[in-house]
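Q: Here the structure of chain A is known, so what remains is to put chain B with the ligands in place on it, guided by the hints.
If you read the sequences in order, they're chains A and B. Counting from 3, one number per residue, gives the positions in the first sequence under the working numbering. Counting from 105, one number per residue, gives the positions in the second sequence under the working numbering.
Please keep in mind that the hints were generated in silico from the structure rather than gathered at the bench. These numbers were taken from a predicted model, which means no experiment stands behind them. Quick reminder that beta carbons are idealized off the backbone N, C-alpha and C, glycines included. Treat the hints with care, as some may be off.
[Unchecked claim] The following label-pair restraints were derived from C-beta to C-beta distances:
| id | chain 1 | residue 1 | chain 2 | residue 2 | range |
| --- | --- | --- | --- | --- | --- |
| 1 | B | I154 | A | N234 | 23 to 31 Å |
| 2 | A | D17 | B | K131 | 24 to 32 Å |
| 3 | B | K127 | A | K230 | 15 to 23 Å |
[To be verified] Covered stretches of chain B, going by a simulated chain A footprint (3 or more residues, C-beta under 8 Å):
| id | segment |
| --- | --- |
| 4 | 114-121 |
| 5 | 157-167 |
For reference, the chains in residue letters:
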Amino acid sequence: METLVYKRPESLLKDGQFTFCPGCGHGVVLRIIAELIDEYNLKKDTIAISSVGCSIFLEKFFDLDVAGASHGRSPCVATGVKRCKPDKFVFTYQGDGDAATIGFNETIHTACRGEHITTIMINNTNFGMTGGQASATTLVGQVTTTTPKGRKPELTGYPLHAAEIIAGCEGTAYAARVAITTSKNIRQAKEAIRKAFEAQIKGLGYGFVEVLAACPTNWHMKPIEAVKHIDNIIEQVHPLGVFKDVSAQETK
Amino acid sequence: MGRIVIDRDVCKGCYLCVEACPKKLLKKSQTPNLHGDFPAEFVDEKNECIGCAMCAMNCPDVAIKEVYR
Ligand SMILES: Cc1ncc(C[n+]2csc(CCOP(=O)(O)OP(=O)(O)O)c2C)c(N)n1
Ligand code: SF4
Ligand code: SF4
Ligand code: SF4
Ligand SMILES: [Mg+2]
Chain A
3 METLVYKRPE SLLKDGQFTF CPGCGHGVVL RIIAELIDEY NLKKDTIAIS SVGCSIFLEK
63 FFDLDVAGAS HGRSPCVATG VKRCKPDKFV FTYQGDGDAA TIGFNETIHT ACRGEHITTI
123 MINNTNFGMT GGQASATTLV GQVTTTTPKG RKPELTGYPL HAAEIIAGCE GTAYAARVAI
183 TTSKNIRQAK EAIRKAFEAQ IKGLGYGFVE VLAACPTNWH MKPIEAVKHI DNIIEQVHPL
243 GVFKDVSAQE TK
Chain B
105 MGRIVIDRDV CKGCYLCVEA CPKKLLKKSQ TPNLHGDFPA EFVDEKNECI GCAMCAMNCP
165 DVAIKEVYR
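Pulled out of the complex, with its shape left as it was, chain B reads as follows:
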């Protein structure tokens, strides 16, 4: 079981993490951040995150700042 921490005001909404997550646990948020971008959101209702950190690895802005396993 894993968990990630996204800094939603650092996220620029490129969604490369959405593409990268093997479990499809990231999606576009419906509420904008400080800069008006719609950041990525981590939704893991069934505890599927494996803590692989692929989302963080693909993030160009280090907006995914922590991954736990």
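Looking at chain A on its own, in the form it has when it is part of the complex:
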């Protein structure tokens, strides 16, 4: 007899089709989050905080309560929500432009305060929604609409390594960088997001997962090529790894 081994997660709306471009990494990450919320039975107790970027309309995708925040400020909204309703599970879903560029100050202070929330940051090394401008995480030499000849450090500096910086903040319980490029990496990404969620559930502190994800449209690549570009090029600059895990330190 055949058994169902995989199905569309319940925490995604039944007809909530993603509005992203073909091959866009956002969809895989949103699905992983929905799967975990199902697994932890948190659907009724979750408040998701959306950000400004291609993923802005979380309420069109998730069957969850969603609050919106202005650009880069979702960790502040999440802080307020969590402090008022400490029994709720609260996470922010942000891009690199949102969490690591315009809102990096908010991200750092949320980590330093050790807020009991989780941030999932999709790093596609550009401002996807507005047409592919450079962000803080853009690679040296990367061509974007604001770095048409490639990012030049003497003019626009060097890429910001968000997960490593957040790992350096005392209030951070978990910080990692993952990629959703292969089945193995997708499994590891899910385990990292699980750990960051558990940091909140166990009251350990701030959880931060940076996910390297494809933006085929603004990279001017086919989806398969874009995914390979992450493994071959982006990971050389933004290496995968767990940079802080307080739960692992405790069990030592």
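A: Structure of chain B with the ligands alone, referenced to chain A:
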């Protein structure tokens, strides 16, 4: 032995599933869907599908909505 269900009108034709399937059971369809995309198609004449769900895991649009084993 396994089986998958693809929602062909949700599929955007990125073919990441084609790349991900270890048994090479997915291919581009010759007929377009509602949106004019050529969706992925599951062809398993020799019952080779192992129900590993790697195709679904890699799909950015949850167009592969069920996997059976
Ligand atoms: C205060 C403010 N400044 C600028 C914008 C314009 N804007 C909209 S989305 C965006 C960048 C989004 O990039 P990212 O967070 O990386 O998300 P992505 O679309 O790449 O997923 C910008 C600058 C805005 N909406 N609000
Ligand atoms: S522009 Fe980039 S990030 Fe935005 S939906 Fe398209 S592929 Fe995704
Ligand atoms: S379940 Fe596994 S074997 Fe079957 S089609 Fe999907 S990837 Fe291929
Ligand atoms: S990965 Fe999903 S959206 Fe892409 S071709 Fe396969 S079924 Fe379609
Ligand atoms: Mg971005």
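Q: Holds or violated: 15 to 23 Å for the Cβ distance of K127 (chain B) and K230 (chain A)?
A: holds, 21 Å
Q: Kindly confirm whether 24 to 32 Å is satisfied by the beta carbon distance between D17 (chain A) and K131 (chain B).
A: Once the Cβ atoms are compared, 27 Å apart, the range 24 to 32 Å for K131 (chain B) and D17 (chain A) holds.
Q: Tell me if the beta carbons of I154 (chain B) and N234 (chain A) are separated by a distance inside 23 to 31 Å.
A: Holds: the Cβ-Cβ distance is about 28 Å, inside 23 to 31 Å.
Q: If you count the residues of the segment 157-167 of chain B with a beta-carbon closer than 8 Å to a beta-carbon of chain A, do you get 3 or more?
A: holds (count 9)
Q: Apply the coverage criterion to the segment 114-121 of chain B and chain A: a residue qualifies when its Cβ sits closer than 8 Å to a Cβ of the chain, and three qualifying residues are needed.
A: Three-residue rule met by the segment 114-121 of chain B, so holds; n is 6.
Of the numbered hints stated above, none is contradicted by the structure.
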